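Colleague: Protein chains in written order, with the numbering used here: chain A, 1 to 158; chain B, 1 to 751; chain C, 1 to 285; chain D, 1 to 81.
For the record, the hints were derived by calculation from the structure and aren't laboratory data.
The structure presented is a predicted model; accordingly, all values stated were derived computationally and were not measured.
Mixed in with the good hints, there may be bad ones.
As the list claims (entries may be wrong) - Heads up, simulated DSS-like pairs for lysine-lysine below, C-alpha to C-alpha not over 27 Å straight-line:
| hint | chain 1 | residue 1 | chain 2 | residue 2 |
| --- | --- | --- | --- | --- |
| 1 | C | Lys83 | C | Lys50 |
| 2 | B | Lys741 | C | Lys257 |
| 3 | C | Lys50 | A | Lys9 |
| 4 | B | Lys741 | C | Lys252 |
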Amino acid sequence: MTQIHVSTKINGDAVEFLCEPNETLLDVLRDRLDLTGAKEGCGTGDCGACSVTVDGRLVCSCLMLGAEAEGREVTTIEGMADGEVLHPLQQKFLEHAALQCGICTPGILVAAKALLERNPDPTETETRYWLAGNLCRCTGYDKVIRAVMDAAAQMRGA
Amino acid sequence: MALDDKHEAEGRVFKIVGTRPIRPDGIDKVTGRARFGADMSAPGMLVGLILRSPHAHARIRSINIAKAEALPGVKAVVTRADFGNVSDDDLRDILHNVMAHDKALYDGHAVAAVAATSTSAARQALKLIEVDYEVLPHVIDVDEAMQPDAPVLHEGRSDETVPAGMSANIMHRFEYGHGDVEAGLAAADEVIERSFKTAATHQGYIEPHACLASMGPDGQADLWCCTQGHYMVRNTCAGILGMEVSQLKVTASEIGGGFGGKTTVFLEPVALALARKSGRPVKMVMSREEVFRASGPTSSTSIDVKIGMKRDGTITAGWAELRYQGGAFPGSPVQFGAMSCFAAYDLANVQAIGWDVVANRPKQIAYRAPGAPMGAYAVESVVDELCGKLGLDRLEVRLKNASRDGTKAAYGPRFGRIGLTAVLEAAKAHPHYTAPLGPNQGRGVACGFWFNFGGDTCVSLNVNPDGTVGVSEGNPDIGGSRAAMTMMAAEELGIPYERVRTTIADTSALGQNDVTDGSRVTFAVGLATIKAARAAITIMCARAAKIWGIDADAVVWEDGHAKPAGPNAGKFPPMSLAEIAAVATNTGGPIAGHHEVNAEGAGVSFAAHLVDAEVDPETGAVKILRYTVFQDAGKAVHPAYVEGQFQGGAVQGIGWALNEEYIYGADGRLQNPGFLDYRIPVASDLPMIDTVIIEVANPGHPYGVRGVGETSIVPPLAAVANAVSAAAGVRLTELPMSPPKVLHAIDAARG
Amino acid sequence: MRYEAPRTLESAVSLLAGEPGSAQILAGGTDLLVRLRTGIGEPDLIVDIKRIDGISAITAENGGWRVGAAVSGAEMGEHDGLKADWPGVVEATELIGSTQIQGRATMAGNLCNASPAADSVPAMVAANAVARVIGPNGTREVAVGDIATGPGKTSLAKGEIVESIFLPARAARSGDAYLRFIPRTEMDIAVVGVGVSLTLDASGTCTAARVSLGAVAATVLLVEEAAATLIGSPVDEAALERLAAACSAAAKPIDDKRGTIEFRTKVAGVLAKRAATIALERAKG
Amino acid sequence: MVRVAIWGSLRAATGGRAEVEVEAANLRELLDRLAEAYPGIQPQIDRGVSVVIDGLVYNDSWFTPVRPDSEVVLLPRIVGG
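Kindly produce the complete structure, drawing on both the sequences and the hints.
Modeller: Set out below in structure tokens:
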């Protein structure tokens, strides 16, 4: 297959890559750009482990072609902390023990950040529904939800 | 240890154990830096893919790989012929599971594999492999597989415990118990007998199996993989491939969930075989569909239970017959179901019989307290129904009949120190138990039990020149165990948590370690960590003694310092660990402690779960309103991760109870191999999961630790079933209680 | 496989019409990429329509709303005007998949995927929505109910694109609603779906109604007998019971991994009552 | 003599006896004496056993001491997930 040249911006940096037309954005991130923070849990948009934002919109990178990223701005988990300073969500996930194995954590953090950017004061129910597309098999979600709510409170106070 | 002995940790004031520090691997995992199974790559790496049987049961007449091998980019194709013969029965079953021999035994069974320079070339190559199948009749359901005329998977594998004349699909019969069940039932005022069925479920870890293998022409090999036990992977792969164990170094990646499902091998021997044949590193990653079709789900089961009770709530007898199909090879966990199902009760008359059965499904692998949740579901459902029928309080009845210290367990031994009554008393005193319920709502309670396990364990602890400490252990960290080990090492050494770093060593660095299973890690690795720290302390005290010119036994270790034992030992200022470490070179060389042990003395644990559920009587939909877990942890080293284990187990059990199931078509093919239709709970399905940690010290561990990982999945199937049955007004006897089944039961009960 | 992202409808149509092999339109891609992944028929050409001018717009038209083919569910949910007029349609679209899916999935894609269980389609059918189809032979307006002809099959000819969907102007005292049954609270395919749209007169009597069912037949059903039970009634308990009976009678489901005939038949009626109640409340304002 | 409780399905090998007595000072001797006295137990010992001594579970640690008054129960090997 002829490869496609794509120019995009990832975590604020201009990035160019070549990809096959049937390659997903997730494949490109992981296999071509070595950004392995986004995980493939299902490849069918059912688990959310590959969550990234594209032009600010939360998407599953397994359900988007790499070629579609042309001219877009992509952010991944690798772009979440500001240098050495963790995002409040990252810090609260650590404090609340909101991860056990950690495989779903990057996707949940990216999704939670997208939530708080739209809704700085979500209810527990809103948080649970927003994150319904991010499967976590370890925690039963309890500590995840608490961490997101606590981060939201801290960010509102800041 | 006698029951009235004081535990060594009793009265000890812990400084670090029992607190909630941030896990050492935390920042890697919130920043995307942590490397999981599929996150590794190697120069010149090939992509490995597996061709899988589309048939539930078929004889493989021939496999032609010529066209696939000729495809540009294809560097190796392997079939069963590329593996040698293995004499050990268990290893041979594992080999036959990772690569089919003369028959494909289930939909998804591997029959060949390719390694190619790209995913697309590998995919294309799979299509070019020609397999000539003779399709055979198949059997999926456990009761059908036990019929004498059922299609047979393996001839001649039944062992000496199976009576003659039964189906060759029955591999083993187990029986436990004591007393006279018939006499016990005759003495009862009420006897209820019920039959139950549970569907096969999957552990549902979010990370698919993945590995990266390389092997040189000298036979030395490296393997990177996500597993619950890299020593097991090493030993198993070496056995299957005819390698010396020392030639294979296995490094465990970070692991994205396992719950028992990563306690065996699937891809690893195949990746090594492809690497051997191609001379190139080979990476293999399962798709989610492959995980469902061809890793190890649980048994589906069929269980009969009969229990007799007196009007005062005394259980006079318990009897159960459990039938578990364990997939295509022997070894379902029915024995654990039979052993554990009555464990919560002190019974004079009890019998449990288990049948291990094979069927045309993927070979089951451990799932959190393997075999126990299904047996507990059946028994706790009948106990609940008896309580209802006799108008008795469900927790009072459980307390009245509860196993206590010294009770002769239904599976044989007398219990040592156990925490069941403490767990039940805590549940009874909790406001949840008496909170009001609304219309169409019901409350369920159930008990659960798990044995817990110890096993082979090695820990090395090195005191660094700057006074920091490195701990090396050999068990993959599936839920925060590095934090727990770090805490226990720091506690023993008397230094801050931040000065200890725990690493999961590769297989070349330590001796044999059993798999991360059986809730053994905090218990067994913790025990070895404490003993390794104590060994290092002995050396550090001896070094201080040398410096002071006094006897080593005149030095004690307190708060991270060596001190003279008393006024008679001499007057010397205490030396800190860092001070002793700084001069280690001058006092005899580097300081380390290590401990290698087959850890014995694991303590059993009990839990009770309380759950409120609401049923929509018009649709059969179930909503979990409130959930509280009570469990004996022995000692909670890091309470936040103990709570996490309680919560995670409860929610997996909720999924099992309500919506998770393997659905097969008439053709024997799995119909729902994805997270869309294999429905694990999502965040919006659930309330917060409240937890109460009970601590009844395990005499077998220096701090009293019992395992906590598994017991939490035992009660929820029954607890949710009891709540839903109460809310729906009709007893539900089949899992999952999916809405069509609940609605059907409600409508049938209402005529 | 080739990937093209044309800037105009004309070039999209000519790419699709001119492809000698198989071609697929990519809008949100949430169904198409799953099919690519599972290896079920990778097409020779994918035409990404998201870069076509105006195709991602929601525009007011004749008192109603025209929703471009590339408008995502999330964008519909953020459009106050659309939500005020057609809350049921917007909610139905927002029920498709997770938040992540909402960032990509489109109503037009949901329609053209032609699943009988598509969430937005019963709501669109109840709304009497019209798809604008542009192809090599020009433009045609097609009732949304006529797009799907069976599971995975559409009446679209080679080279045709659903360019937008028009939701008509709302009469006073109108309301719509869509409800589906799923085993979990999210992330499932509808086991049964019901769309209801109705209009009341000043006295509260129903003067017009459309009722549709999803996942109970090979295509989404418009159930006129069910609508008839509401028209002329105050949408009271008796009318709702008749509605439920009509919907259950109209349902012709199958047994499959997601539900049984018995279950779908009964729940079609139950959900119809509940959806009509919501639509009624909305019509009353 | 140490009394050993035998789980149900192994009783076929002990002539139906739920409890047998053997002379043993540690776990290895206990298993050896059992297999000598009741050869039908050998296949299960080969498959793996756990031995509960006074309420604690032991796996294959040969030299675990067994006292004459110990309560010993033989079980299939316990593992987990």
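Colleague: Look at each hint and say if it fits the structure.
Modeller: Verification of the hints:
no. : hint                : verdict
1   : C:Lys83 - C:Lys50   : holds, 23 Å
2   : B:Lys741 - C:Lys257 : holds, 13 Å
3   : C:Lys50 - A:Lys9    : holds, 19 Å
4   : B:Lys741 - C:Lys252 : holds, 20 Å
Hint compliance for this structure: no hint is broken.
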